[in-house]
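Okay, here's what each chain looks like letter by letter:
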Amino acid sequence: MTISIRSVEKKFGRYPALNKVGLEIADGELLALLGPSGSGKTTLLRVIAGLEFPDAGQVLFHDQDVTFASAAARRVGFVFQQYALFKHMTVAKNIAFGLDVRKGKDKPSKVEITRRVDELLRLVELEGLGGRYPSQLSGGQRQRVALSRALAVQPSVLLLDEPFGALDATVRKSLRKELRRVHDATGVTTIFVTHDQEEALDLADRVAILNQGVIEQVGTPEQVHDHPVSPFVCGFVGESNRFEGVVSGGRFTSGSVFLPATGLADGPAVAFARPHDFSLDGSGFEVRVNRVHIQGALAHVDAETADGRRIDVVTSRDQAEHFTGTVRLAARKAHVFPA
Amino acid sequence: MAAHRRSTDDPVWAKVLIIGLVLLFLGLVLVLPLAAVFAEALRKGLQPALEAISNPDALAAVKLTLLTAAITVPFNVVFGLCAAWAVAKHDFPGKSLLITLIDLPFSVSPVVAGLIYVLVFGLQGWFGERLIDHDIKIIFAVPGIVLATIFVTFPFIARELIPLMQEQGVSEEEAAVSMGASGLYTFWRVTAPNVRWGLLYGVLLCNARAMGEFGAVSVVSGHIRGLTNTMPLHVEILYNEYDFVGAFAVAALLCLLAIVTLVLKTALEVAQPAVRGRSGH
Amino acid sequence: MTAETAIAIRPTGRPLFRRRSAIPGFTLTLGVTLTVLSLIVLIPLSAVALKAAQLSPSEFLAVAFSQRAMAAYRLTFGAAFVAAVINGVFGVLTAWALVRYEFPGKALVNALVDLPFALPTAVAGIALATLYAPNGWVGSLLTPLGIKAAYNPIGVTIALVFIGLPFVVRTIEPVLRDLSDDVEEAAASLGAGRLSTIFRIVLPALGPSWLTGFALAFARGIGEYGSVIFIAGNMPFKSEIAPLLIIIQLEQFEYAHAAAIAVVMLAVSFLMLLIINAVQAWARRFS
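Chains as they are written, first to last, in my numbering: chain A, 1 to 339; chain B, 1 to 281; chain C, 1 to 287.
Okay, chain A solo, but in the shape it has when bound (with noise of 0.2 Å):
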């Protein structure tokens, strides 16, 4: 289902959390709220579920105007960063709660309700764990149920907040994973919430970044990586460096460090440069070489310029033994922008 979010406004008292925001997303996407906390993508996904209406704006769900549609009646399904687990409920009566809830003919029968649940158990690879309680499980399969939840109702879209949050990194990774499956099983439009850049560059379809109830860009992991169109979001996606500076004749200089920036106005300006963007080279600029660490296939050196700006900089690991004493860095490409 495509859904299409229009000039949405929404305040906190006098705190604004979302401010004009507009985003289409498409049928079967996979689509990441990437941003800090108070950025406002928690409350971006609530308005999309029907969990908080906006002060003004649409939201579309398939051209159908849904801004101030009841939560039940929209047909989301929604993944809460505690999973909001009924506790006094089994496995099998959370995951099959929303089908219990209907009425008349929209409600399946018992059987049907227990082939369901036990379809989605096998989907998440909870099988036989339907008699527990959420109690009884960890937190890793609390996250399953709560996904194979939402599932149960056949949504429109799924929505999950934080939805790794709050576990530890192993379990997460796995779980990244899991979701992808699920996801690419089941083609439902997906939208999840989160801070780790990581998490969503390397999960969704397209992400999209919020700063200040912002949107600052919408892309494809790639493009946002290699793209940003701010210098909020190359602060916030990727590793870099990032100096001040001022650029003069396509090339912008900070202290002794200097960049390329062909094609920009003169004036003072902002640059990031990746670390791994930058290389060993003769007509570069000069820096100390602190420490170099080696960690699997690459290697990452801590760099210090004469006027004591540091450089974090990384090569692959054959490159290593170069990087010893004063050497010369240049780097091939960097992201300026006018301060």
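If you are wondering where the hints come from, they were derived from the structure by calculation, not from laboratory data.
Be aware that a few hints might be false.
Claimed, not checked - When the alpha-carbon atoms are kept at most 30 Å apart in a straight line, the in silico DSS-like pairs for lysine-lysine are as follows: (1) K238/C with K106/C; (2) K15/B with K103/A; (3) K106/C with K11/A; (4) K87/A with K105/A; (5) K107/A with K87/A; (6) K137/B with K87/A; (7) K177/A with K103/A; (8) K63/B with K11/A; (9) K87/A with K15/B; (10) K110/A with K93/A; (11) K177/A with K93/A; (12) K87/A with K103/A; (13) K93/A with K105/A; (14) K20/A with K87/A; (15) K93/A with K107/A; (16) K106/C with K15/B; (17) K173/A with K93/A; (18) K87/A with K110/A; (19) K148/C with K44/B; (20) K15/B with K63/B; (21) K44/B with K63/B.
Since the model is a prediction, treat every value here as computed from it, not as a measurement.
Here the structure of chain A is known, so what remains is to put chains B and C in place on it, guided by the hints.
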């Protein structure tokens, strides 16, 4: 902007209905009796009411009630602190049984609470004859009243302190002890500041119950005017003698005590949300 | 500090009890606790059982379950039960209003709920008796309707409603407060209407605390004396409560008979205590 109802909000009519029902119910059950006490006390004006509470028997009752509370509350403070220290800061087998036993007096009818002391110290009781030989009076005398009051208020302070001290854990005390502090020093400088508001809360409720106890005290008192009558017992006597103005005048005094207790309790809850009462008093 | 500073670690013998904690004072405080508990509570309570044991089994049954005693139990337990049910309903509503709604006078209502904890029971007793007497403020309204509240089982129930209310409200309130919004939002997003959310999600989640509050109010009601005797009328077989029977036996110096009735009441109280603990243990399974 039109208010759209969020999924956790109730419709306005439901809110109004529920709040209305609650106010009606509480008005009928709680406010009306309170109002009736003052109305009856002042039925014949302020003068007769004031006379009733300044009558020597009434004053003796006030004095005995204050005396009883003045013994009961400190006793229960010491006991409560000991019990809470042992239970909350240490682990030992039978701990939950001990907590249940401390709570026991809450489940015992006040009349039974009075009865047990009559059975122990009364004329036909275990120590009855020996007490007479030594001319010691416990039942139908002040010691019996104090004992019965201690029994019914026994769990108040301990059950306020135990959960509070359990929540606070032992790390601060362990830190103090590891730096060489003695047990008493640790208690005064580390534990006591952390539990003082909870203690005050328990004292408040314990005091209200101690001053207001009726059933248990009624059994052991003997109702001797001017000697073994507490304020609630004095209320009963006046009421049964159809001296309604007198009965309600003394009752009004007890109402004021209750109101002061509630005001202090609310103030404490606002100022120190952590001590918010535990159920079951 | 010089290197000469020696720390003398005195080798200590094996303590009598294995030390379970680094925090001192355990033996002293536990000793005081057990001593006081025994002297004030346990030993005197056992006197009831010992006194009642002076009766032969048949005597005991004749006294403890005489017709008059049975009528008193029926009234006591019945009125306590009905009062707990009434409090069960209005207690939930009160807790709901206090936790979920904002309304003028809420702070006052909140403080007022604890009035039965703070007000001496005898005061409540004479106030209720006066209100519900045939010529009282409320009683005079009920009399034309043919309802006789005071000096009747209805009066006993009214007094027990007064006494029990805070137990239900204060037990449910914290649980309701801790029930996070997202559980209700989850139900709504799964298609549940407001009513089904309340009946299927919120009320079941409150279940254990409701039962606990109900049991506490019921247990308190069984033993209550001061607020009841003034409004009850105290007519044998009709409006005489069990605690009053004990007092009547005492006044006739029938100590063993008083103890026999007390044993029955204590047995019911301990049963209630067991039920409350069982409910709470059951509730812990889910959290």
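Evaluation of the provided hints:
Straight-line distance between C-alpha atoms of K238/C and K106/C comes to about 40 Å, which puts the hinted pair past the 30 Å bound. As the CA atoms of K15/B and K103/A are separated by approximately 26 Å, the hinted pair is consistent with the 30 Å bound. For the hint linking K106/C to K11/A, the alpha-carbon distance of about 27 Å falls within 30 Å, and the restraint holds. Distance check on the hinted pair: K87/A and K105/A sit about 28 Å apart at the alpha-carbon level, within 30 Å; holds.
For the suggested pair K107/A and K87/A, the alpha carbons sit about 23 Å apart, so the restraint of at most 30 Å is met. With a CA separation close to 58 Å, the supplied pair K137/B and K87/A exceeds the 30 Å bound. Restraint check for K177/A and K103/A: not satisfied, since their Cα atoms lie roughly 36 Å apart, outside the 30 Å limit. At most 30 Å may separate the alpha-carbon atoms for a hinted pair to count; K63/B and K11/A exceed this at roughly 61 Å.
For the hint pairing K87/A with K15/B, the CA-to-CA distance comes to about 27 Å; that is within 30 Å, so the pair holds. As the CA atoms of K110/A and K93/A are separated by approximately 12 Å, the hinted pair is consistent with the 30 Å bound. For a cut-off of 30 Å, the pair hint linking K177/A to K93/A stands: about 26 Å separates their Cα positions. About 23 Å separates the Cα atoms of K87/A and K103/A, which keeps this hinted pair within 30 Å; it holds.
At roughly 20 Å between alpha-carbon atoms, K93/A and K105/A fall within 30 Å of each other, so this suggested pair holds. Between the alpha carbons of K20/A and K87/A the distance comes to roughly 38 Å, so the proposed pair goes past 30 Å and is violated. Restraint check for K93/A and K107/A: satisfied, since their Cα atoms lie roughly 15 Å apart, inside the 30 Å limit. Taking the CA atoms of K106/C and K15/B, the gap is about 13 Å. The hint holds against a cut of 30 Å.
Between K173/A and K93/A the alpha-carbon distance is near 28 Å, which keeps this suggested pair within the 30 Å criterion. The straight-line distance between the Cα atoms of K87/A and K110/A is roughly 22 Å, inside the 30 Å bound, and the hint therefore holds. Our distance criterion of 30 Å between C-alpha atoms is met by K148/C and K44/B, whose separation comes to about 28 Å. At most 30 Å may separate the alpha-carbon atoms for a hinted pair to count; K15/B and K63/B exceed this at roughly 48 Å.
Under the criterion of a C-alpha separation no larger than 30 Å, the hint pairing K44/B with K63/B is consistent with the structure, at around 26 Å.
Going through the hint list in order, the structure does not satisfy hints 1, 6, 7, 8, 14 and 20.
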